[in-house]
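Protein chains: 2
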Amino acid sequence: MKSIVIFGAGNVATHLFNAFSGAKNFKVTQVYNHNGNSLEFFKNKVNTTTYLNEVVPAEIYLLALKDEAIPAIAKKIIHREALVLHTSGATPLSVLEKFEQHGVLYPLQTFSKKRPVDFSNVPLCIEANSEIALREIAELAEELSQNIYNISSEQRKALHVAAVFVSNFVNFLYTEGEEICRENEIPFEILHPLILETASKITDLSPTEAQTGPAKRRDMEIIKSHLEQLHGDRKKIYQLLTESIHNLHGKKL
Amino acid sequence: MKSIVIFGAGNVATHLFNAFSGAKNFKVTQVYNHNGNSLEFFKNKVNTTTYLNEVVPAEIYLLALKDEAIPAIAKKIIHREALVLHTSGATPLSVLEKFEQHGVLYPLQTFSKKRPVDFSNVPLCIEANSEIALREIAELAEELSQNIYNISSEQRKALHVAAVFVSNFVNFLYTEGEEICRENEIPFEILHPLILETASKITDLSPTEAQTGPAKRRDMEIIKSHLEQLHGDRKKIYQLLTESIHNLHGKKL
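Protein chains in written order, with my numbering: chain C, 2 to 254; chain D, 2 to 254.
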């Protein structure tokens, strides 16, 4: 049974903690967070601390922290014998290089406190500074998920941008759809099946193949009538995305 | 048993035809299409024709045609006693006004030939020129789906724009994600769970609530590092959507 100390008490830390509660070969022995209030959830479940000098030795230190906190906390950790990991998509492996064994365990998923996550489907991107460390991270990752990927810091940086496109920006387009419904007294639920089918379609067809709509068809009548209904940012987004679809699918004609 | 003639042989016509094969009170008696090749799928299943003057009388004429074909075909239909419907999101009810009973049955879903569709979940937007016609369309719609909405031409026009945002544009952002993966030799499958969870999240939380990411957090370090990786349309899209998220969530602070 290998021991883990989790640093952080946010969404990723909480979901990882829950996921480890079912693990056979790993056990979370402590959760550290600089703010005690956020530790409430953990208090009856595991030893907690708000002081870095109270952090206990463990085989694995898992830094599930905000990007900017990772180097700061890493600097202050005194036990250097642990395998030290961070969970960030946007932070290179090298910020942990003061530790002999270090690596990354980046769960590529969107986490909210309010929604449970089935970790067994979450892609885990792993990277390490040595074969030994990589093997240990792979073991850890396999306890949590069936989707393990070896991803370099360079690839992870690109993947983080891709995730912004397919998740944060996509969600913003949902917000635009919700707003259009609200302005026209239409319940937003009417769009749910379309949203779910559009997402699930790309597990069958590539998105390039799956593209439909007036921009792809270059249906100028419809595009004009849509633009007449739009203003501000929403109009700019419609224009830019329509042009971009033209540019992509035009090239392929 | 009410009789239906379907006009058109594209995605919507095909999926509607399949959905009606299980109906109790309605039966498709003929499929018309100007191009005979597209009728191949229907030929062993139902009477078909490529000539408008061979179209048989029926209780319902269902025009599952491209937007521009609807007024042209409507003009040429001689039997005026049928209830005449179109299935378009972007075409007003009034293009069918030469028929005493007319209406709209707009299925708000994305259809591909390659993917089966469970019609029972598809939202059907209905509209008609009279109470009698509306009752008949509602009966028809209830045979196909549990999600029936009374939607005016004005609302449908807005809904069609909303659908472009949450489906066509969203799919284009998936394409960008796929391209970023390809350029970095990462399998696109790694993004599937994130895409599916982002979609399914908004059936629980409103998209405004569900918004996460560097743009929402105004994490300028990350945004800068992402922009450095991007060029062309993709960079413009990143900038515009980031700004729009700022504008929306800034207002709410």
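In short, the hints are calculated from the structure, not lab data.
Bear in mind the structure is a predicted one, so any value in this text is a computation, not a measurement.
Heads up, the beta-carbon is just placed ideally off N, CA and C, and yes, glycines get one too.
Hints may be right or wrong, so weigh each one.
[Said to hold, decoys possible] Here are the simulated lysine-lysine pairs, DSSO-like style, with alpha carbons at most 30 angstroms apart: (1) C:217 to D:28; (2) D:67 to D:115; (3) D:99 to D:115; (4) D:236 to C:237.
[Stated by the list, open to error] Incomplete in silico selection of chain C near chain D, CB under 8 angstroms: (5) 30; (6) 31; (7) 95; (8) 98; (9) 120; (10) 124; (11) 150; (12) 178; (13) 194; (14) 196; (15) 241.
Of the hints given before, which are not true for this structure? 1, 3, 5, 6, 7, 8 and 9
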